[in-house]
Amino acid sequence: KNQVEQSPQSLIILEGKNCTLQCNYTVSPFSNLRWYKQDTGRGPVSLTIMTFSENTKSNGRYTATLDADTKQSSLHITASQLSDSASYICVVTRWGSYIPTFGRGTSLIVHP
Amino acid sequence: NAGVTQTPKFQVLKTGQSMTLQCAQDMNHEYMSWYRQDPGMGLRLIHYSVGAGITDQGEVPNGYNVSRSTTEDFPLRLLSAAPSQTSVYFCASSSEQGTEAFFGQGTRLTVV
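Residue numbers (the working numbering), protein chains in the order written: chain Y, 1 to 112; chain B, 1001 to 1112.
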């Protein structure tokens, strides 16, 4: 069964600190992996998209990595800000499919 | 630019009522999709469309109908609302599957 597991489920950090969120998947064959940020009460916003051949992709203070061999991805947030408080969702799509598999998300709270 | 616009933002229905959730995008995107988001679960795909006149089922299509008569609009119809359809519904669009998806603000639907 195609699955996407995210950890931790929730995370609390202090403003200015770095953090790393994890995503493990079993989706196969792999097409692409996306990270989204979802603020409370709003729709998800795309952060990064990676295909099989991409190991790292950055978007400002957000850096995503992908290891297609171990089927793992991480999202690293540098110098966190209060506005980073949100749910971060990992999404993996199987090659040839239009149906993506969403993780349940990691809820990040950044305290001043 | 408006991006993806969903209406209404909130709706309360009685069991058995029907209604249509509206979704419109102004980016000339071919690919549009509808998701539902329930507490503790990842987003799940209800229906999707790869272009005007073409629609297909996602993971959880039962109880919902869609049509795509124009590139811009992709309405979602609930035929006979049930309490199990209480959820937050998101519409999304992208230029093609696997590229950056733009989500609407969501419709919070309660069926009593």
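It should be emphasised that the hints constitute simulated quantities derived from the structure, not laboratory data. Note that beta-carbon positions come from the ideal geometry of N, C-alpha and C, so glycine has one too. You may find that some hints are simply not true.
[Stated by the list, open to error] Not close to chain Y: a few residues of chain B, all C-beta gaps over 12 Å, as computed:
hint	residue
1	P1008
2	L1045
3	G1058
[To be verified] Under 8 Å between C-beta atoms, here's a sample of chain Y residues computed to sit facing chain B:
hint	residue
4	R42
5	S46
6	A79
7	Y98
8	F102
9	R104
10	S107
11	H111
12	P112
Hint by hint, here is what the structure shows:
| no. | hint | verdict |
| --- | --- | --- |
| 1 | P1008 | holds (15 Å) |
| 2 | L1045 | violated (5 Å) |
| 3 | G1058 | violated (6 Å) |
| 4 | R42 | holds (6 Å) |
| 5 | S46 | holds (5 Å) |
| 6 | A79 | violated (24 Å) |
| 7 | Y98 | holds (5 Å) |
| 8 | F102 | holds (3 Å) |
| 9 | R104 | holds (5 Å) |
| 10 | S107 | violated (11 Å) |
| 11 | H111 | violated (24 Å) |
| 12 | P112 | violated (27 Å) |
In terms of the numbered hints stated before, the structure departs from hints 2, 3, 6, 10, 11 and 12, listed from lowest to highest.
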